[in-house]
Amino acid sequence: MAETMGHSATATRNTKVVIGFCLLAIAPQIFEFIWSIGTIFGWGAGRGPATVLISHATALVAGAPAALIGAAGGETKKASSDVLLALIYSYPILAVAIVTLFMTVRSAQDYVGGVILMAVALFALWASSDLQGMRGFSFGAGTAPRMFGGLLVALSAAIALTGLLSDGPSMAHYSWRGPLFVMVAILFFALAIRPLGLVVTAFVSFMIAATGSHETRWLEAAIVGACLTLGCAILFPYVLGLPMPMFPRFLIQ
Amino acid sequence: MDIFANLAHGFAVALSPINLLMCLIGALVGTLVGVLPGIGTIATVAMLLPITFGLPPVGALIMLAGIYYGAQYGGSTTSILVNIPGEATSVVTAIDGHQMAKQGRAGPALAIAAIGSFFAGCVATILIAVLGAPLTKLALAFGPAEYFSLMVLGLIFAVVLAKGSVLKAIAMIVFGLLLSMVGSDIETGASRMAFNIPELADGLGFATVAMGVFGFAEIIRNLDAGAEMNRDLVQQKITGLMPTRKDLVDSTPPILRGTVLGSILGILPGGGAVIASFAAYTLEKKLAKDPKRFGRGAIEGVAAPESANNAAAQTSFIPLLTLGIPPNAVMALMVGAMTIHGIVPGPQVMQKQPDLVWGMIASMWIGNLMLIIINLPLVGIWVRLLRVPYRLMFPSIVIFCAIGIYSVNNAPVDVILAGVFGLVGYWLIKHDFEPAPLLLGMVLGPLMEENLRRALLISRGDWSVFLTRPLSAVLLAISFGLLLLTVLPALRAKRDEVFTESEN
Amino acid sequence: MTSLRALATGACAAALASLCAFVAPAKAQNYPTRSITMIVPFAAGGPTDVISRIVTAHMAQTLGQSIIIENVVGAGGTTATTRAARAANDGYTLITGHMGTHAASVPLYPKLAYHPEKDFEPIALLAGTPILILARKDFPPKDLKEFVAYVKANAEKVNAAHAGVGSVSHVSCELLHSILDVKPVGVPFNGTGPAMNALVAGQVDYMCDQIVNAVPQINAGTIKAYAIATPERNPSLPNVPTTTEAGLPAFQAQAWNAMFAPKGTSPAIIASLNAAAIKALDDETVKKRLLELGSVIPAPKDRTPEALATLVKNEIAKWTPVLKPAT
Chain A
13 MAETMGHSAT ATRNTKVVIG FCLLAIAPQI FEFIWSIGTI FGWGAGRGPA TVLISHATAL
73 VAGAPAALIG AAGGETKKAS SDVLLALIYS YPILAVAIVT LFMTVRSAQD YVGGVILMAV
133 ALFALWASSD LQGMRGFSFG AGTAPRMFGG LLVALSAAIA LTGLLSDGPS MAHYSWRGPL
193 FVMVAILFFA LAIRPLGLVV TAFVSFMIAA TGSHETRWLE AAIVGACLTL GCAILFPYVL
253 GLPMPMFPRF LIQ
Chain B
115 MDIFANLAHG FAVALSPINL LMCLIGALVG TLVGVLPGIG TIATVAMLLP ITFGLPPVGA
175 LIMLAGIYYG AQYGGSTTSI LVNIPGEATS VVTAIDGHQM AKQGRAGPAL AIAAIGSFFA
235 GCVATILIAV LGAPLTKLAL AFGPAEYFSL MVLGLIFAVV LAKGSVLKAI AMIVFGLLLS
295 MVGSDIETGA SRMAFNIPEL ADGLGFATVA MGVFGFAEII RNLDAGAEMN RDLVQQKITG
355 LMPTRKDLVD STPPILRGTV LGSILGILPG GGAVIASFAA YTLEKKLAKD PKRFGRGAIE
415 GVAAPESANN AAAQTSFIPL LTLGIPPNAV MALMVGAMTI HGIVPGPQVM QKQPDLVWGM
475 IASMWIGNLM LIIINLPLVG IWVRLLRVPY RLMFPSIVIF CAIGIYSVNN APVDVILAGV
535 FGLVGYWLIK HDFEPAPLLL GMVLGPLMEE NLRRALLISR GDWSVFLTRP LSAVLLAISF
595 GLLLLTVLPA LRAKRDEVFT ESEN
Chain C
467 MTSLRALATG ACAAALASLC AFVAPAKAQN YPTRSITMIV PFAAGGPTDV ISRIVTAHMA
527 QTLGQSIIIE NVVGAGGTTA TTRAARAAND GYTLITGHMG THAASVPLYP KLAYHPEKDF
587 EPIALLAGTP ILILARKDFP PKDLKEFVAY VKANAEKVNA AHAGVGSVSH VSCELLHSIL
647 DVKPVGVPFN GTGPAMNALV AGQVDYMCDQ IVNAVPQINA GTIKAYAIAT PERNPSLPNV
707 PTTTEAGLPA FQAQAWNAMF APKGTSPAII ASLNAAAIKA LDDETVKKRL LELGSVIPAP
767 KDRTPEALAT LVKNEIAKWT PVLKPAT
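Residue numbers (this note's numbering), protein chains in the order written: chain A, 13 to 265; chain B, 115 to 618; chain C, 467 to 793.
If you are wondering where the hints come from, they were derived from the structure by calculation, not from laboratory data. Take every hint as true, because none was put in to throw you off.
Pairs of lysine-lysine residues, derived as DSS-like cross-links and limited to a Cα-Cα distance of at most 27 Å, are as follows: (1) B/Lys251 - C/Lys603; (2) C/Lys767 - C/Lys784; (3) B/Lys466 - C/Lys603; (4) B/Lys251 - C/Lys623; (5) C/Lys753 - B/Lys466; (6) C/Lys608 - B/Lys251; (7) B/Lys466 - C/Lys690; (8) B/Lys466 - C/Lys754.
Sample of chain A residues at the chain B side, in silico, Cβ under 7 Å: (9) Leu143; (10) Leu164; (11) Leu167; (12) Ser187; (13) Ala197; (14) Ser217; (15) Ala221; (16) Ala222; (17) Ser225; (18) Glu227.
For every residue, glycine included, the Cβ atom is placed at its ideal position computed from N, Cα and C.
Bound conformation, chain A alone:
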């Protein structure tokens, strides 16, 4: 029907998708960088942000191509984990992103789904690249993950391909409110259950989760949350005998 209109719509959509893929290609590096900021304040162990930034940047820009050329020249030097990440994970995804620029995506749902799944598979391939492979008739730790990782790359490529070749649904709409507040509620629960105990944690998490829906009425939610907290406080520690802290630790001592 509206051929021209449809075409321009895919074009704008494509650039968005390509930018998304590019971000996806360096997502692990970005994640480690954000994580490493914590080390400044002494949270967690690991490399500092400066080291992370420099090592990943050199790996992406210089290290990986060098390793690639070296491998082509028959050199078998052991590449560092950062270089491997760039080689196994980032480059293929970037390549896909570039290819996407020149493609008409006929089913964004399948295409994007396939590519993200491929990213997961490539990441798994990288994560299992340091494991030992076959040794005689013994399988070794790495064989099975690499086998299935490779299989998943192939399968997800096939899914992405169907997204290019046959018509299908376009991208579904993602909303942010529900996922955000439910995730915050879960995160709060996980961080607070040990220090603050079941009573406080369950109630606060309930209220945070309730914020995720625009239908929530506050008074009603507070009453139900309080009843639920009471119910949980009786059910889990007493009826089922699960060892759980009930009240904040500072109140007990």
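Given the structure of chain A, go ahead and fit chains B and C onto it with the hints provided.
Chains B and C only, in chain A's frame:
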């Protein structure tokens, strides 16, 4: 006959007031544990173990056994009502059960699950009493090679149960297999894809991933704008509570077939019971005149797997009672309970502890009777629960799931991981991937890999063992046939689709 | 409105302040004033769990406070031990460690987050479970001497089952293999249950395992036992010779279980816990139940914290050369 004398003795033991009470407590706690999302049987039995120290051993074991099979009854409840499978065995029930609930038929789905479970439980109990000892041979005939072939068959089942694209279903299974490889390698102890997170050292828990991709993802999806309308529709549509005559007629053959499959597979220690429920589902889908109904609220898709998982739960006691070897983690805990009471189960436990063995067998029948009496009236209450406004329901489910996951290992990281898998599940829904094959891949993955490696270690790398051992060869042949049956129509359908350019 | 907000802010600040304050060490005088948590690094129902429960039940009476058992499973018990090492050293979090978590883990896990000697205060040795050499019932060798000769001659062919890397059955079999100087194929299983199933079914040739699970199978004749790796025969298996009697005195192994507290726990608390543990081990019912399990109760001289410290030191020295090349 001997069996009747034994059974009579068993009933005399099981019908003593204290043991009846223990059985009732076990059935009640089991139902509760099954209904609460996240809290698994293993965690509960482990928690309740200390309480049993003060009890007489027979009563203690009757109670623990009651929790185990009671949870199979309860496990279907959350699968059907809110699409959260509490146990690996009720993943399949969620597929058609929750669709039934969405069509306002939660009542019949829950009732048929209870009826199927009761029937299966009765048959399996008789089977234990009559054929327990000879059936033990089957458990011993299954070596690593046979298990590997059985797991291959299981993965083919997982493909069959997909309702959409076969390609996507296979991708999801492989994704599940990859997830199952996180953690320590069984042979070398090397840490695989665990990124130095101590909580990942033993791999991702089933409950964690299941709560995420089913439970949290379903909630997040329901909070999407525009989803309210569907939900309200569900709440108004609730029709009858009990199955109609047609439902009963439709479900009778699946219940019978599910019971047979479940009883056989349940005997196999380590993984047999998990396969039982979706083997039953696959069988029904293959036998059905109109397989398209499956995944869209077919009552057979609830009746068969629920019967199968309950039958399997009962017959999985056979290796414990005849060999003294626990076939799964819950049974291992029961062995622990016996040990604490100074009874170490072994091959002679039937002769040395007739009170315990026959009392337990008799109590299983009584327990199943209690469970159906408890569960049928509960159907009304569960269905009424669906009328609770979703704005109050969803935060409650979040809290219950979070507490459930936390309680499995007392590990906060597990809760965060479940949240992450909730986002993964949301993403899966948005791209039309099905989570059920993923979970099954995750459950079967380690069993498959470990047994493959064990078989190859024992055969010194000779792959032909899978074909030269008769049982294994038969299982592989069935898998191959089933794969052809599944893939061929799918390919044909694909071609038709290309020709007609329909639907989308 | 404003005052309410101020109140809320104040409350939050107070809460935070007290959160920070709870780390302050508890006074040792009237210890214990509340219930004690005992971490067990294995699933409920296992040998370590059963032994801890039997002993702590009696200790709780002596101390006048309940002892709550928390089973934390994972990574051969090292997850739980790491948690215990990082717990507050106020005497309210203890751990039942065993041969695996407090000795064999050192060579097995190069990235271990704790050190058994540096991060723990030993309290008392509780009980040990002897280890047996078991084989399928139709395995050709008739006694231990034949077994040794057979395994040495057929090291390429025989299969040894074990219950997973780091398990007692794995490390003790590694010890046996290092003594015999052979490297047969080890077939890993997920726990002792499946391993025993494979042995009964004859799918594997032999394994080393703790006495608890094996006694009924041996008595029923579904498997056979060559020897017990303790200096003395065990009352529950009077016909099974010791390794010394059967000609392999070098193979001595026992899955010992002992109680530890995090480093820095005050000596007074350690002393009162040790006294309570010794009292429990001397109790007739406790003793009877432990013996029923086939356990070996330590002699009085081995029950002091110092003796336990020496044991840990010796065990690490014993396992390190055996397990180092295996990983």
